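Student: For reference, the chains in residue letters:
There are 2 protein chains.
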Amino acid sequence: MKTTALIMAGGRGERFWPRSRRNLPKQFLSMTDDGKTMIQLTVERIRPLVELEDVYIATNASYKALVLEQLPGLPEQNILCEPVGRNTAPCIGLGAAHIAKKYEDAVMLVLPSDHLIKRNDVFADTLRAAVGVAEAGENLVTIGITPNYPETGYGYIRYSKETRQGEAYAVERFVEKPDRETAKQYLAEGTYLWNSGMFVWKLSTIWKNFAKYLPEMKAGLETIGTAVGTPREDDVLQEVFPRLASESIDYGIMEKAENIFILPGDFGWDDVGSWLAVGRIRKTDGQNNVLSGNVVSVGSSDCVIQGGGKLIAAVGLRDMIVVDTEDATLICAKESAGDIKKVLEQLRDAGRDEYL
Amino acid sequence: MKTTALIMAGGRGERFWPRSRRNLPKQFLSMTDDGKTMIQLTVERIRPLVELEDVYIATNASYKALVLEQLPGLPEQNILCEPVGRNTAPCIGLGAAHIAKKYEDAVMLVLPSDHLIKRNDVFADTLRAAVGVAEAGENLVTIGITPNYPETGYGYIRYSKETRQGEAYAVERFVEKPDRETAKQYLAEGTYLWNSGMFVWKLSTIWKNFAKYLPEMKAGLETIGTAVGTPREDDVLQEVFPRLASESIDYGIMEKAENIFILPGDFGWDDVGSWLAVGRIRKTDGQNNVLSGNVVSVGSSDCVIQGGGKLIAAVGLRDMIVVDTEDATLICAKESAGDIKKVLEQLRDAGRDEYL
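Taken in sequence, the protein lines are chains F and Z. Numbering-wise, my numbering comes out as the position in the first sequence, counting from 1, plus 4. Numbering-wise, my numbering comes out as the position in the second sequence, counting from 1, plus 4.
Source of the hints: derived by calculation from the structure; they are not laboratory data. Being a predicted model, the structure only gives us computed values, none of them experimental. Hints are supplied without guarantee of correctness; some may be wrong.
Said to hold, decoys possible - No farther apart than 27 Å at their CA atoms in a straight line, the calculated lysine-lysine pairs in the DSSO-like style are these:
no.: 1; chain 1: Z; residue 1: 287; chain 2: Z; residue 2: 40
no.: 2; chain 1: F; residue 1: 105; chain 2: F; residue 2: 6
no.: 3; chain 1: Z; residue 1: 106; chain 2: Z; residue 2: 216
no.: 4; chain 1: F; residue 1: 314; chain 2: Z; residue 2: 345
no.: 5; chain 1: F; residue 1: 68; chain 2: F; residue 2: 6
no.: 6; chain 1: Z; residue 1: 188; chain 2: Z; residue 2: 260
no.: 7; chain 1: Z; residue 1: 181; chain 2: Z; residue 2: 165
no.: 8; chain 1: Z; residue 1: 122; chain 2: Z; residue 2: 40
no.: 9; chain 1: F; residue 1: 68; chain 2: F; residue 2: 345
no.: 10; chain 1: F; residue 1: 40; chain 2: F; residue 2: 314
no.: 11; chain 1: Z; residue 1: 122; chain 2: Z; residue 2: 181
no.: 12; chain 1: Z; residue 1: 338; chain 2: F; residue 2: 314
no.: 13; chain 1: F; residue 1: 346; chain 2: Z; residue 2: 346
no.: 14; chain 1: F; residue 1: 345; chain 2: Z; residue 2: 314
no.: 15; chain 1: F; residue 1: 338; chain 2: F; residue 2: 40
no.: 16; chain 1: Z; residue 1: 287; chain 2: F; residue 2: 346
no.: 17; chain 1: F; residue 1: 188; chain 2: F; residue 2: 122
no.: 18; chain 1: Z; residue 1: 6; chain 2: Z; residue 2: 105
no.: 19; chain 1: Z; residue 1: 216; chain 2: Z; residue 2: 287
no.: 20; chain 1: Z; residue 1: 346; chain 2: F; residue 2: 314
no.: 21; chain 1: Z; residue 1: 287; chain 2: Z; residue 2: 260
no.: 22; chain 1: F; residue 1: 68; chain 2: F; residue 2: 105
no.: 23; chain 1: F; residue 1: 338; chain 2: Z; residue 2: 346
no.: 24; chain 1: F; residue 1: 346; chain 2: Z; residue 2: 165
no.: 25; chain 1: Z; residue 1: 314; chain 2: F; residue 2: 338
no.: 26; chain 1: F; residue 1: 287; chain 2: Z; residue 2: 346
no.: 27; chain 1: F; residue 1: 314; chain 2: Z; residue 2: 314
no.: 28; chain 1: Z; residue 1: 314; chain 2: Z; residue 2: 345
no.: 29; chain 1: F; residue 1: 105; chain 2: F; residue 2: 122
no.: 30; chain 1: Z; residue 1: 338; chain 2: F; residue 2: 338
Unchecked claim - If you want the ones that stay clear, here's a sample from chain Z, every Cβ over 12 Å from chain F, calculated:
no.: 31; residue: 174
no.: 32; residue: 217
no.: 33; residue: 260
no.: 34; residue: 283
no.: 35; residue: 304
no.: 36; residue: 343
no.: 37; residue: 354
no.: 38; residue: 356
Cβ atoms here follow ideal geometry from the backbone N, Cα and C, with glycine treated the same way.
Generate coordinates for the entire structure from the input sequences, incorporating the hints supplied.
Tutor: This is how it looks when you write it as structure tokens:
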């Protein structure tokens, strides 16, 4: 059975402002020393399992040109433009509808476009094992990340070590972002993994689950699917998609369905959730700084400084993030990285849309 | 007797980089909310005592155009260009030589060009009193600043409360920059003032002192003075001035001469020695920030942020200095302001002269 992939690339992440903008979100930026963008790395690391012609990118129309530019060779019809963001269930359903036009059945990988993975070979092995479990029955498989600290920003998935299916374990339940004490408990129990938002299933399996848990949505998706490849394709999409319920695949299907399995992943995963991640990901100098671009540092340490053309002189800085772009420079204490969105709020309120 | 003034404006201060540059030092920048440059303010505040035609500016040739631009109405021949920096004694002597071509005798004010004074009226009153003391005999008068904390970055002058000459006191001795304990002692004793580098004397008095303590320098200055207004003026200056000893007026004359008097000044003086001063001088917002230019601040306090055209977003900053210019941005912890010169050293070593 063919293995296909749907990469979800519609996000508009604000946490990498000023490099990320409304017209250039995180998945189209490079965060690593190799200069490759996150979506390029995402495609690159699944290529051992999936032909490029079987890779589908779900995004929105304003990013289509970026996708084409960054993924040369990808068939243009594989870029699926959501008319509006409707959370992950309709997005995945749209992907399934397109893949169903090409293959009677196939394995479908569902992946975020803006995470980093250090050990691509381990990741490919994990995906292969997941494909095996998905093919073996009507199983919904997810990849969980083995937690190494009590993160409170992720959802967790509890699994049973007793019930196995190949290398995968049976999922007992999905849990929301915990508080710190609960997260510590999860870590101590050793039967919880981070929810990475990566899924593997057969087209036929996910369709059955749509039919069971989201039947109205499935009807809409079928209408859209019928029009794919016809002159009415875009009109139908524009008319039907916005009416689909905004629902996550986790809540809409995964938390309710049976035969959910999870594979623990231990491949150096990072969701690159904020500028803080760059300090973890990129090469540091002797003072634990990540410096790039036109920067002179005097007595600075533990900083992330991304210079541009203009000279940035950093003197005596500690735990700071500095990001220089053509029209805006961010200077942010690491502990205040969560407040970058307040800058965007202020700019929006002031009508200074050119900076968004 | 006419009152004249020599304003010393040859400094190349690096502590206000990146706004100050080799071709635009501090005295030609505005540090205050009114937008006037420091040299403009210096001239403005002595105008109650001195006609513009009697104001002389000692600087170097590369700043002549700036002086003309910032001080319209000043006679061009009143701009005295030192071929090389030779400390304050030759500079003051050059001023005296020029003034001597115009007036047989006159009172001469000698003033730095890069200090700020809050209460101009009190300052003018103090100068008037100093002029009175200077005219009353062969007195060398200096203005001392009443210290309000044990600063270790200034020289101090000890005076006698017993011996007075009008409102001035007899100077007992000049002392170098003290350590903190000594500075505290000076403050407690109440007979020490900060050395501000402002002097008042008659031309005839300072010449007599040059003759007594710096006779060789005086001979050179007379050679230069004889040529002033002749076609040979510039040639003589270029030939003779560089050979004069590099000597401060404090060490060369003031610390040795007799009849030294001091007037305590209490007029809101600030030498604007570094970016830290800007936090004292300019209007602050509710979080004790001094913000100007294109700046968005989120949760920042006690910062000096001078934006330019590019947007500066300051998030969660404490005690920072940020200065944005066309080609360089300084980001500096306040406690590291003294290290800005190390940036310039690095740039010099790297041959990046365009930033100096």
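Student: For which of the previously enumerated hints does the structure constitute a violation, in increasing order of number?
Tutor: 13, 19, 21, 24, 29, 35, 36, 37 and 38
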